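K.L.:
The chain contents come next:
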Amino acid sequence: MNIKSFMIIDDSEGDQFLAKDAIKHFDSNIEVLQAYDGQEALEILRGLPQQPDVIFLDINMPRMNGHEFLAEYETWENSTVVVIMLTSSDQERDREKSMAYRCVKQYFTKPLDSSTLEVVTQISLKE
Amino acid sequence: MKIRAKITASLFAVSLSAIVLVSIVSFHFARNALLETNGKHLLALASGEKNYVSYVLQAWQDEISLITSRTQLRMFFSEHLESPAPRHIARMEEILLDATEASHAVKKIGMCDLQGRLVVMAGDPDLVHPTCGNFATESVTETVVADVWMSDAGELYALVAGPVLMDDEIIGIASAFMSASELLGITQNYTGLGETSEILIAERTAEGHARFLTPLRYDPNPGLTRIVRSDQVNVPITYAMLGKGVGLIGPEVIDYRGQSVLAATAYIPEMDWGLVVKIDRDEALKPIQSLLLLIGISALVIFLLITVIGFYVGRGITGPISRFISILRDVRDGDLSRKIHIQSGDEVGYLASSFNEMLESLREKTAQLTDSEMQQRAVVDSIVDGLITIDEHGFIQSLNNACETIFGYTPEETLGQNVKMLMPEPYHSEHDGYLKRYHDTGERKIIGIGREVKGKHKSGRIFPLDLSVSEVSVKDRKLYSGIVRDISQRKAAEEEIKQANAELEEFAYRTSHDLRSPLVSSIGLLSIAEKAIHADDKDRALASLTHTQSSLRKLEGLVKDILMLTRIKNVDEDEETIDVEAVINETLDKFRHMADFERLDIQQELNFSKALFAKKSRIILIMENLISNSIKYQDLNKSNSFINISTYREGDKFVFRLQDNGLGVPKDQQDSLFQMFKRFHPKISFGSGLGLYMMKKSADVLGARVVFEDPGDGAIFKFEMPIEL
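First to last, the sequence lines map onto chains R and G. Take the first sequence: its letter number 91 is residue 106 in my numbering, and every next letter is one higher. Take the second sequence: its letter number 129 is residue 131 in my numbering, and every next letter is one higher.
Isolated chain R, as found in the complex (with noise of 0.2 Å):
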């Protein structure tokens, strides 16, 4: 099985473009969505006739952050979707509140790189 689409939520066009960039060179087959903030991300997703499989969070962002969107998100019927946090943050606290959403499997600080994507697609298929 494999990985066909892929979300990255993230407020910082500067690491969208690596995140993407890293996920074009992983699997060039792979769909890129693209939103800047929590409110943006659920209308997309809301749109899609279909989840994506794997969902890159950030946590700071301007109008719905990383924590309010799961606040909402996690309240749709998406139980196949994985949610990776991608966060600057270092911070324990923000980990363990990101933790707690049963939808969020992993949390990693950026950037993006091959390794991590790895380990993704490892989870993203045990899933």
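Rather than coming from a laboratory, the hints here were simulated on the basis of the structure. Treat each hint with caution, since some may be false.
As the list claims (entries may be wrong) - Pairs of lysine-lysine, PhoX-like flavour, derived with a Cα cap of 20 Å:
1. G:Lys456 / G:Lys493
2. G:Lys533 / R:Lys39
3. R:Lys35 / G:Lys493
4. G:Lys540 / R:Lys39
5. G:Lys680 / G:Lys699
Fair warning: this is a prediction, and the values are worked out from it, not measured in the lab.
Following the hints, put chain G in place on chain R, whose structure we already have.
P.N.:
Just chain G, lined up with the frame of chain R:
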């Protein structure tokens, strides 16, 4: 009152006993004296009368002897006896007659021969002896008084018989009837004898009883028939008849009348008569009655005097004491200014002056105590913290002045009330329970420990208090003393610090994150650029580098803002005069180069003409932030984007108002508008999120505020600062 009664009673008792003693003594003394005196008198009388009676008897005998010894009489008598002749009798009659006429006493005299035949008689022929008739029947050897008797007529006669002698031979017996009235003179003479006394003479009867010869004072008629039987031993006459010498008997002997008498008795042996001189005991002791009366009157007078004296003396003592007592009562009731004015030199006076001294000392001490108390009170009232004392049931005993400041109640409103009135719930309802629990268990929850609680001001405001309580034991009362300190300010300061700390922590977290993030991104992006260059992928390399640039620019902006922020809080700045219009124009100039500046319609309505006196850099920061935000967040979809800048005065405030029709602030974000690191529009990525936060801090420093209003389309920001008019 009691003292007076005591004094009077004691005086009474003393005088009574004295009087009684004196009475008894003088009574006895007087009695004995009287009896003695009377006795002596009676004895003298008895003795005297006895002698006189003897004398009288002797006188009678002598008188008759004289007659019978007449020679002629005897010659004629003897001749007659030899040869009786009438001429002898006539001659003898002549002589006898002569004798009776010559004598006052002799009433009749007769002569008998030895055979008892009457020879001659002269005198009253009717005068006869009751039993002997004319003659003494017994022969005598010498002249003796044979008998004394009282005639029916009540006259006393004596029969004297004597021998007629011739040549020492008894040739006949003469019998003379004599008046014995001299004896009456003895017994009937009551002069000098008082009212009840009498002298009695009695002869012994043939049966041995005593028969009174003379009339009795109290029974004159049955003179010679009054007999006192010899078995009546307690009668004076019986005593007299005993034949003893002159003696005194009584005063308990009873006379023939049955009265108690004092009597002197004598015995006349010649006639075997008894003589009694007696006086009624009552008469003898009469002076005693007077004495008793006198004593009685004196006693009465003395008692009266004593009552009066006792009254006055008592009053003299109790009077000052009563005054003393009344002044003591005043002192007891709190009036220390009284003074006792008792000048008497006795113990009461001394007591009074000692008391006055004591009172003086008491006044001094009280004054000292009052001063000391006032001083203490002043100290307690001067302390800034509140000091409340309650009893073990929670009722307020005292509070110092600071309590009024802290709680807002006057002392009148709180004294005596339960201290829980100063507490809000739940303390209010639980306080009684706390007290009880401590009382029962001795468990210290707050006593000696100190605690932060809440207090309730009179206005209803609830505020934090620091409370420390200690226990005070005074005699058998338990009191609790609490020191209260209004720590509202301290709490507020603590809160500020906490807030500042929280802000700081948040800031530290966010900045570390926000500083790191672009750096990390840049590193990653440069590595991609490097790979791209190696792979000869120019587009990818350029894209990477562009993103790197923008990341680093973002970083630069953040660092700048952070530095600015620290400066706002810490750097002190003087106020200076600011030309508002100039500042606004300068700011607009500064931002002229910003993207999409030209398409904006900038409207200015600057109605505030005065200069502003404030800290310039802060003012500039606020204006720059507001203006740049409006430029940054314009709605590019609108064709008539505008910014309206106006300044004006509203009341005592300077207002800088900026309205735009840009992207505004989403409704759900409006509450957290001025918090740090808040960005509301994701695509417009440059901006640290600190702008509005910095503006708020600047406003705080200026004592001003920034307000957001949502006009529905766009945003309105108002900067309001109080100014001096």
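K.L.:
Against this structure, judge whether each hint is valid.
P.N.:
Against the structure, the hints:
As the CA atoms of lysine 456 of chain G and lysine 493 of chain G are separated by approximately 12 Å, the hinted pair is consistent with the 20 Å bound. Note on lysine 533 of chain G and lysine 39 of chain R: the hinted pairing holds, with a Cα-Cα distance of about 14 Å set against a maximum of 20 Å. Of the supplied pair hints, the one linking lysine 35 of chain R and lysine 493 of chain G is violated, its CA atoms being roughly 52 Å apart against a limit of 20 Å. Under the criterion of a C-alpha separation no larger than 20 Å, the hint pairing lysine 540 of chain G with lysine 39 of chain R is consistent with the structure, at around 17 Å.
Simply put, lysine 680 of chain G and lysine 699 of chain G have alpha-carbon atoms about 15 Å apart, close enough for the 20 Å limit, and the pair holds.
The structure does not agree with numbered hint 3 stated previously, though it agrees with all others.
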